[in-house]
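Student: Chain B: place on chain A using the hints.
Protein chains: 2
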Amino acid sequence: MDAFIISIGSELLTGHTVNTNAAWLASQLNMAGVGVSEVRAIPDNEGDILRALNDAAEKTTFVLLTGGLGPTNDDITTRALCKYFGSDLITDSKVLEDIRLFFKTRGRDPGSVNLRQAMVPEKAARVIRNPYGTAPGLWFEKGGVSFIAMPGVPHEMQNMFSFKILPEIRKKSPGRHILHRHVLTHGIGESFLAERISGWEKSLPPAISLAYLPSAGIVKLRLSASGEDEEELRNLIGEQIAGLRKIIGEFIWGYDNDTLGQVVGKLLRERGLKLGCAESCTGGYLSHKITLIPGSSDYFNGSIIAYSNRVKEEILGVPAELISGKGAVSSEVAGSMARGARKFLGCDFSVAITGIAGPSGGSGEKPTGTTWISISSEKGTISRKYTFGDTRERNIMRAANAALAMLAGAISDKFYNQE
Amino acid sequence: MDAFIISIGSELLTGHTVNTNAAWLASQLNMAGVGVSEVRAIPDNEGDILRALNDAAEKTTFVLLTGGLGPTNDDITTRALCKYFGSDLITDSKVLEDIRLFFKTRGRDPGSVNLRQAMVPEKAARVIRNPYGTAPGLWFEKGGVSFIAMPGVPHEMQNMFSFKILPEIRKKSPGRHILHRHVLTHGIGESFLAERISGWEKSLPPAISLAYLPSAGIVKLRLSASGEDEEELRNLIGEQIAGLRKIIGEFIWGYDNDTLGQVVGKLLRERGLKLGCAESCTGGYLSHKITLIPGSSDYFNGSIIAYSNRVKEEILGVPAELISGKGAVSSEVAGSMARGARKFLGCDFSVAITGIAGPSGGSGEKPTGTTWISISSEKGTISRKYTFGDTRERNIMRAANAALAMLAGAISDKFYNQE
Numbered sequence: 001m002d003a004f005i006i007s008i009g010s011e012l013l014t015g016h017t018v019n020t021n022a023a024w025l026a027s028q029l030n031m032a033g034v035g036v037s038e039v040r041a042i043p044d045n046e047g048d049i050l051r052a053l054n055d056a057a058e059k060t061t062f063v064l065l066t067g068g069l070g071p072t073n074d075d076i077t078t079r080a081l082c083k084y085f086g087s088d089l090i091t092d093s094k095v096l097e098d099i100r101l102f103f104k105t106r107g108r109d110p111g112s113v114n115l116r117q118a119m120v121p122e123k124a125a126r127v128i129r130n131p132y133g134t135a136p137g138l139w140f141e142k143g144g145v146s147f148i149a150m151p152g153v154p155h156e157m158q159n160m161f162s163f164k165i166l167p168e169i170r171k172k173s174p175g176r177h178i179l180h181r182h183v184l185t186h187g188i189g190e191s192f193l194a195e196r197i198s199g200w201e202k203s204l205p206p207a208i209s210l211a212y213l214p215s216a217g218i219v220k221l222r223l224s225a226s227g228e229d230e231e232e233l234r235n236l237i238g239e240q241i242a243g244l245r246k247i248i249g250e251f252i253w254g255y256d257n258d259t260l261g262q263v264v265g266k267l268l269r270e271r272g273l274k275l276g277c278a279e280s281c282t283g284g285y286l287s288h289k290i291t292l293i294p295g296s297s298d299y300f301n302g303s304i305i306a307y308s309n310r311v312k313e314e315i316l317g318v319p320a321e322l323i324s325g326k327g328a329v330s331s332e333v334a335g336s337m338a339r340g341a342r343k344f345l346g347c348d349f350s351v352a353i354t355g356i357a358g359p360s361g362g363s364g365e366k367p368t369g370t371t372w373i374s375i376s377s378e379k380g381t382i383s384r385k386y387t388f389g390d391t392r393e394r395n396i397m398r399a400a401n402a403a404l405a406m407l408a409g410a411i412s413d414k415f416y417n418q419e
Numbered sequence: 001m002d003a004f005i006i007s008i009g010s011e012l013l014t015g016h017t018v019n020t021n022a023a024w025l026a027s028q029l030n031m032a033g034v035g036v037s038e039v040r041a042i043p044d045n046e047g048d049i050l051r052a053l054n055d056a057a058e059k060t061t062f063v064l065l066t067g068g069l070g071p072t073n074d075d076i077t078t079r080a081l082c083k084y085f086g087s088d089l090i091t092d093s094k095v096l097e098d099i100r101l102f103f104k105t106r107g108r109d110p111g112s113v114n115l116r117q118a119m120v121p122e123k124a125a126r127v128i129r130n131p132y133g134t135a136p137g138l139w140f141e142k143g144g145v146s147f148i149a150m151p152g153v154p155h156e157m158q159n160m161f162s163f164k165i166l167p168e169i170r171k172k173s174p175g176r177h178i179l180h181r182h183v184l185t186h187g188i189g190e191s192f193l194a195e196r197i198s199g200w201e202k203s204l205p206p207a208i209s210l211a212y213l214p215s216a217g218i219v220k221l222r223l224s225a226s227g228e229d230e231e232e233l234r235n236l237i238g239e240q241i242a243g244l245r246k247i248i249g250e251f252i253w254g255y256d257n258d259t260l261g262q263v264v265g266k267l268l269r270e271r272g273l274k275l276g277c278a279e280s281c282t283g284g285y286l287s288h289k290i291t292l293i294p295g296s297s298d299y300f301n302g303s304i305i306a307y308s309n310r311v312k313e314e315i316l317g318v319p320a321e322l323i324s325g326k327g328a329v330s331s332e333v334a335g336s337m338a339r340g341a342r343k344f345l346g347c348d349f350s351v352a353i354t355g356i357a358g359p360s361g362g363s364g365e366k367p368t369g370t371t372w373i374s375i376s377s378e379k380g381t382i383s384r385k386y387t388f389g390d391t392r393e394r395n396i397m398r399a400a401n402a403a404l405a406m407l408a409g410a411i412s413d414k415f416y417n418q419e
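So the sequences go chain by chain: A and B.
Using my numbering, the first residue of the first sequence is number 1, and each one after it goes up by one.
Using my numbering, the first residue of the second sequence is number 1, and each one after it goes up by one.
Please note: incorrect hints may appear among the correct ones.
[Claimed, not checked] Lysine to any residue pairs mimicking SDA-like chemistry, simulated, CA-CA at most 25 Å apart:
1) K385/B - S297/A
2) K202/B - N45/A
3) K59/B - V18/A
4) K202/A - E11/B
5) K366/B - R100/A
6) K202/B - V113/A
7) K104/A - M397/B
8) K164/A - P214/B
9) K343/B - G346/A
10) K104/A - S360/B
11) K59/B - D55/A
12) K202/A - D109/B
13) K123/A - W139/A
14) K366/B - P294/A
15) K366/B - Y132/A
16) K220/B - N45/A
17) K266/A - P359/B
18) K274/B - G317/A
19) K266/A - G361/B
20) K246/B - G111/A
21) K104/A - L213/B
22) K220/B - R106/A
[Stated by the list, open to error] If the Cβ cut is set under 10 Å, some of the chain A residues that face chain B in the computed set are:
23) S7
24) G9
25) W24
26) L25
27) L29
28) V39
29) A41
30) S112
31) H180
32) A211
33) R222
34) G283
35) G284
36) N301
37) G302
38) C347
These aren't lab readings, by the way, just hints derived from the structure by calculation.
The beta-carbon is built from N, C-alpha and C at its ideal position, and this holds for glycine as well.
This is chain A alone, in the form it adopts within the complex (with noise of 0.2 Å):
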């Protein structure tokens, strides 16, 4: 059993959105075992849909379409469908309902354009209805095929899929299994961890894949093994992983969809520990890491964002002289920041950052990329230096994410931090 995605849309093939909704499904699609046989991108154009719907019903018995749906004039997906499976649109009342619902709750007026996407096929074997947004999807069942129809806007296909489409193609394809799973390290860089791990690559089962997703600081790990008994597969890469914690345990600090910002927050909410900040060159990213998470507000207090030297020094409580004769990035007022930060914010944990995002401000002594991270606790300051690069986002990120590994750490008394 295998899949067609047809990505429709101009933007694709302007270059001006990268075709992520086709990664995300070939994945969803694979850990389900369902194969992907030929990803099609191709212009708001009925030729062209009607082309592609042709070429993948003769390869798979899956055809899953995104993009098109929406309620303006470039939309035209729908009315393809209509011609190729020779449909009349007929309303669809409830679908009809929940447009009126989703505006009704925004306090606005639908208007006659965003009304027209209750218009659905009569052919249609099914109308999925949208919660995330207006544009309902639409399967097909033709010749033993299944043609699905999903919006393009990312978080609503997402959550149709999961919800809607997945568990029916779950039940029409049993059996086969593709099973992935993520290690998580931090403080020990791609090829050096190829390294240690080598031996342990080596003597990996001909039916377990590795690969490694660097990103940020973080280096993912990815096993994948596919076979038709899932429980075995399970196991198979469960006794991997746990030869795997025997060499760099201390690096790993989760496991697949883990983040660090949710790692910190268990640690802190089993703990009954309250978590501040002190930012300055990660300008709020550290904190908006940590407030993704939902129920953060329960075991962190809050931040103080001192891009200023004024604010460092009167909300923080750094002495000016501290600054002037050590410099903004350094050790001590790091250190400065984090006690500060503790004290005024009121929490047990406090974490401070102050560096040289970029791309200027470096100096010989001092390159652009160098940051200090300290952690203030009742056990005393603890303040580490790293050197990032020379890529302002970049090093934003990966300051963040060094500093709730460090965070993680100093929590948890383990030490996964070193770099």
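Tutor: Below, chain B without anything else, positioned relative to chain A:
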């Protein structure tokens, strides 16, 4: 003149690699006046490659292939090209020299597997040497169609395309240009925008096409035109944008690659003003958007992230009875936070956000997504209520964008912040 992109590699069909190569190529081609009619991602499989070559040759003048030229066994693009063009393989002595040199400068032995990459189809019109890797590019001509195969490693492909392929493509398609311009709006939904500009849209000259690209409260309008005279296209699109400004000028905050963070920064810098924030539900994301801009320390003093009520009271000076009486998510508390931030951060303009990001915390009266944003300056305090959706991450993004749009409006005395 248009192009067909064939992306070869199983990793594109498992979702492990997002097809950024295709987006990059498409944007380069577009800028050179060559449209892309289709992007097709297929596995390393001879049958699929041959079918794609046939389909592509029927439709287009340039067929661009990436991937599958490497030294390992799963790389079969060269073999498929030999079959398609009825060609044998011969050793290219210059490529052989390149490969030997590549490994020599890295202090390693190439080995027989790598040397195999010097075998190229004898019918290739041109072998394109690769300064950044070992796999050469291949250029074929047949029936007026150019077939160009490049390595899949992004930086090798980009370098080869920019310096060795694009100049040749430009020679073959002289004078043809595709021009895109983006008009960036905030504060009006896609469908309302479409209704508002429907008359303008209907009277667009046939050379111009329009697309709506919505994300997190921002709708980008893309105007595209193709023709022979770049200057003429620029004027043609410019005239239409001037018309658009008359209809929806109050919603337009920028053009092309502008970000709201840049626009706000520019307004502050021009006026010599300082900014500070008080964030609750956005938890640092607003400050992050502001501080992503290089040089933002010139006008951004800092921010108080007041996640707990205690921080709202003690650092921002919000009266406790205001929070208990009106609720933390209220016009009064937002206004008080903004005034507190302006005072304690010592700035000219401040913006405060308080809302229910979700997923929990909502009520009948104040559903998840309810958000108050206030701006304080010496002119006074203005506050607005927004009702976003029920997804935490999207609510955070939409609130930050709304705050920046509101701020830009307040600083410039324009009004592009209505919802």
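Student: Compare the structure with each hint and give your call.
Tutor: Here's how the hints hold up against the structure:
Taken as a hint, the K385/B and S297/A pair is honoured in the structure, with Cα atoms around 22 Å apart against an allowance of 25 Å. This hinted pair checks out: K202/B and N45/A have alpha carbons roughly 18 Å apart, not beyond 25 Å. With a C-alpha separation of about 23 Å, the suggested pair K59/B and V18/A falls inside the 25 Å cut-off, and the hint holds. Proximity of K202/A to E11/B is assessed by CA-CA distance (about 22 Å); at most 25 Å being required, the pair is judged to hold.
A C-alpha spacing of about 20 Å is found between K366/B and R100/A, which places the hinted pair at or below 25 Å, so the restraint holds. Only pairs whose Cα atoms come within 25 Å are accepted, and K202/B paired with V113/A is accepted, the gap being roughly 15 Å. A hinted pair counts as satisfied when its Cα atoms are at most 25 Å apart, and K104/A with M397/B qualifies at roughly 22 Å. The suggested pairing of K164/A with P214/B holds, with an alpha-carbon distance near 24 Å, which does not exceed 25 Å.
Using a Cα cut-off of 25 Å, the hinted pair K343/B and G346/A holds, with the two alpha carbons roughly 21 Å apart. For the proposed pair K104/A and S360/B, the alpha carbon gap of about 21 Å is at most 25 Å, so the pair holds. Proposed proximity of K59/B and D55/A is supported: the alpha carbons are some 15 Å apart, at most 25 Å. Simply put, K202/A and D109/B have alpha-carbon atoms about 21 Å apart, close enough for the 25 Å limit, and the pair holds.
About 9 Å separates the Cα atoms of K123/A and W139/A, which keeps this hinted pair within 25 Å; it holds. Proposed proximity of K366/B and P294/A is supported: the alpha carbons are some 18 Å apart, at most 25 Å. A distance of roughly 19 Å separates the Cα atoms of K366/B and Y132/A; the hinted pair therefore holds under the 25 Å criterion. A distance of roughly 21 Å separates the Cα atoms of K220/B and N45/A; the hinted pair therefore holds under the 25 Å criterion.
A threshold of 25 Å between alpha carbons decides the hint, and for K266/A with P359/B the separation of about 18 Å falls inside it, so the pair holds. Between K274/B and G317/A the CA atoms are separated by roughly 21 Å; this keeps the pair inside 25 Å, and the hint holds. Proximity of K266/A to G361/B is assessed by CA-CA distance (about 20 Å); at most 25 Å being required, the pair is judged to hold. A hinted pair counts as satisfied when its Cα atoms are at most 25 Å apart, and K246/B with G111/A qualifies at roughly 22 Å.
Taken as a hint, the K104/A and L213/B pair is honoured in the structure, with Cα atoms around 23 Å apart against an allowance of 25 Å. A distance of roughly 21 Å separates the Cα atoms of K220/B and R106/A; the hinted pair therefore holds under the 25 Å criterion. With its C-beta approaching chain B no nearer than about 8 Å, S7/A sits inside the 10 Å limit, and its interface hint holds. For G9/A, the interface hint holds, since its Cβ comes within 10 Å of a Cβ in chain B; the closest pair sits about 8 Å apart.
For W24/A, the interface hint holds, since its Cβ comes within 10 Å of a Cβ in chain B; the closest pair sits about 6 Å apart. Satisfaction of the interface hint for L25/A is found here, the shortest Cβ-Cβ separation to chain B being roughly 7 Å, below the 10 Å cut-off. About 8 Å separates the beta-carbon of L29/A from the nearest beta-carbon of chain B, less than 10 Å, and the hint is met. The beta carbon of V39/A is positioned within 10 Å of a beta carbon in chain B (closest approach about 4 Å), and the interface hint is therefore held.
Below 10 Å, beta-carbon pairs count as interface contacts, and A41/A has one with chain B at about 4 Å; its hint therefore holds. Restraint check, S112/A versus chain B: the minimum CB separation of about 8 Å is within 10 Å; hint holds. Satisfaction of the interface hint for H180/A is found here, the shortest Cβ-Cβ separation to chain B being roughly 9 Å, below the 10 Å cut-off. Annotation: A211/A was flagged as interfacial toward chain B, and the flag holds, the nearest CB pair being 7 Å apart, inside 10 Å.
Hint status for R222/A relative to chain B: holds, with the closest Cβ pair at about 8 Å, below 10 Å. The restraint placing G283/A at the interface with chain B holds, with a minimum CB-CB distance near 3 Å, inside the 10 Å limit. Annotation: interface hint on G284/A holds; nearest CB of chain B at approximately 3 Å, less than 10 Å. With a cut of 10 Å, the hint placing N301/A at the interface with chain B holds, because the nearest CB-to-CB distance is about 4 Å.
Taken as an interface hint, G302/A checks out: its beta carbon lies about 4 Å from the nearest beta carbon of chain B, inside 10 Å. Look at C347/A: its Cβ gets to within about 9 Å of chain B, closer than 10 Å, so that hint holds up.
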